[in-house]
Amino acid sequence: MNLISDILFWVFSVAAVVTGLLVFITDSMVRAAYWLMASFVAVGGILMILDAQFLGLILILMMAGEMTIMAIFMVMFMMNPAGLNPMTMVHQHRTSIVAGAGAFVALAAVGLLAEFPDRPVPPGVDPTVDLGVELLGESMLIFESAGVALLAVMIGAVALVSKRGRYGIAEEGSEEPSLEMSEE
Amino acid sequence: MSLEALLVVSAALFGVGVYGALSQQSFVMIMMGLELMLNGAILAVVAFWWGSTGGNPEGQLLAVVVLAVMAIEAAIGFALVANVYRVRKADISEKLRRLRH
Chain R
1 MNLISDILFW VFSVAAVVTG LLVFITDSMV RAAYWLMASF VAVGGILMIL
51 DAQFLGLILI LMMAGEMTIM AIFMVMFMMN PAGLNPMTMV HQHRTSIVAG
101 AGAFVALAAV GLLAEFPDRP VPPGVDPTVD LGVELLGESM LIFESAGVAL
151 LAVMIGAVAL VSKRGRYGIA EEGSEEPSLE MSEE
Chain G
1 MSLEALLVVS AALFGVGVYG ALSQQSFVMI MMGLELMLNG AILAVVAFWW
51 GSTGGNPEGQ LLAVVVLAVM AIEAAIGFAL VANVYRVRKA DISEKLRRLR
101 H
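Line by line, the protein sequences give chains R and G. For the first sequence, this note's numbering begins at 1 and goes up steadily by one. For the second sequence, this note's numbering begins at 1 and goes up steadily by one.
Take the hints with a grain of salt, since some may be wrong.
Claimed, not checked - The following label-pair restraints were derived from C-beta to C-beta distances:
#1 G:Glu94 <-> R:Glu115: 18 to 26 Å
#2 G:Glu94 <-> R:Ala114: 37 to 45 Å
#3 G:Arg98 <-> R:Arg94: 48 to 56 Å
#4 G:Arg98 <-> R:Met181: 32 to 40 Å
#5 G:Glu58 <-> R:Ala114: 42 to 50 Å
#6 R:Ile4 <-> G:Val87: 49 to 57 Å
#7 R:Asp6 <-> G:Val87: 22 to 30 Å
#8 G:Glu58 <-> R:Glu180: 49 to 57 Å
#9 G:Ala5 <-> R:Ala159: 51 to 59 Å
#10 G:Val87 <-> R:Val98: 16 to 24 Å
#11 G:Arg98 <-> R:Gly132: 19 to 27 Å
#12 G:Arg98 <-> R:Ser162: 20 to 28 Å
#13 R:Ala152 <-> G:Arg98: 45 to 53 Å
#14 G:Glu94 <-> R:Thr128: 20 to 28 Å
Said to hold, decoys possible - From chain R, some residues computed to sit far from chain G (all C-beta separations above 10 Å):
#15 Ala101
#16 Asp130
#17 Leu131
Please keep in mind that the hints were generated in silico from the structure rather than gathered at the bench. From the three backbone atoms N, C-alpha and C, an ideal C-beta is built for every residue, glycine too.
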């Protein structure tokens, strides 16, 4: 069992990183969206190996929806969504490679050199039950705050994409009405 | 499988995300880079919960918060892409010269 989970972990890890790289290598933007989804599915698999079944599944479910929307956005807004022409839409390429490699080396060094407490999940614990009790018990305020934040984001997103500004058509430029009462 | 290996994998995902977010011109591709960085972050959070907290459910709660951040980033990002396309007809960051310093 241990060996199988080890092998699965390495397979998922390599898959997550390689598909993550393919997102920025492939010519087709729609394919890039689905490569990113593959990366999320691989990370979800790792989470499930780590006994966080609920988080792994919810990550995969969320990303399946989000990447589909992303693919639709590509087709709607972007040039060359299907990769009919080779795509090299990059800027400051060398700086980006240095920054990405630097971030990897620094974070990996922290992971390898720093000492973390060795307290694994004790046997007999059901992480999903624990998370449910925590979400609807002591940490309900955090959970509810996330919900309220998402509601605010939905309102903000609708306001951003709406053609009409707050006080009139957005393109024409609009002024807020004056606060003084008009005299009849 | 150890905490160190998990942290190295999450660092690799974060590094690839940094590269993508800085190098891509298309807005949606930049968002993909940000998502990949958050992907690494959520893996690191769950790895710490698994290896260092003794199964404390608050570690998983932090991962749920990261998931909420992911959803918020995507929703606001898509709204901004739609807005900037309608107002400025821009689909890559080079077309937004007014935002330059």
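Status of each hint after checking the structure:
Checked against the hint of 18 to 26 Å, the pair G:Glu94 and R:Glu115 fails, with Cβ atoms roughly 45 Å apart. Checked against the given bound of 37 to 45 Å, the beta carbons of G:Glu94 and R:Ala114, roughly 40 Å apart, stay inside it. One distance hint, 48 to 56 Å for the beta-carbon pair G:Arg98 and R:Arg94, is violated here, with the actual separation near 27 Å. Between G:Arg98 and R:Met181 the CB atoms are about 37 Å apart, so this pair conforms to the stated range of 32 to 40 Å.
A hinted range of 42 to 50 Å for the beta carbons of G:Glu58 and R:Ala114 is inconsistent with their spacing of about 21 Å. Between R:Ile4 and G:Val87 the C-beta distance comes to about 53 Å, which sits within the given range of 49 to 57 Å. Hint check: R:Asp6 to G:Val87, Cβ distance near 52 Å, so the stated range 22 to 30 Å is violated. Between G:Glu58 and R:Glu180 the beta carbons are some 53 Å apart, a value that agrees with the proposed interval 49 to 57 Å.
Roughly 44 Å separates the CB atoms of G:Ala5 and R:Ala159, a value that falls outside the hinted 51 to 59 Å. For the hinted restraint 16 to 24 Å between G:Val87 and R:Val98, the CB-CB distance of approximately 34 Å leaves it violated. A C-beta distance of roughly 48 Å is found between G:Arg98 and R:Gly132, which places it outside the suggested range of 19 to 27 Å. Our hint of 20 to 28 Å for G:Arg98 and R:Ser162 holds, since their Cβ atoms are close to 21 Å apart.
At roughly 27 Å, the beta-carbon separation of R:Ala152 and G:Arg98 lies outside the given 45 to 53 Å, and the hint is violated. As the Cβ distance of G:Glu94 to R:Thr128 is approximately 46 Å, the hint placing it in 20 to 28 Å is violated. At roughly 6 Å, the least C-beta separation between R:Ala101 and chain G is not larger than 10 Å, which violates its mark as non-interface. R:Asp130, annotated as away from the interface, has a beta carbon of chain G within 10 Å; the closest lies near 4 Å.
Non-interface status of R:Leu131 relative to chain G is broken: a Cβ of that chain comes within 10 Å, the nearest being about 5 Å off.
Comparing the model with each earlier hint shows violations of hints 1, 3, 5, 7, 9, 10, 11, 13, 14, 15, 16 and 17; every other hint is respected.
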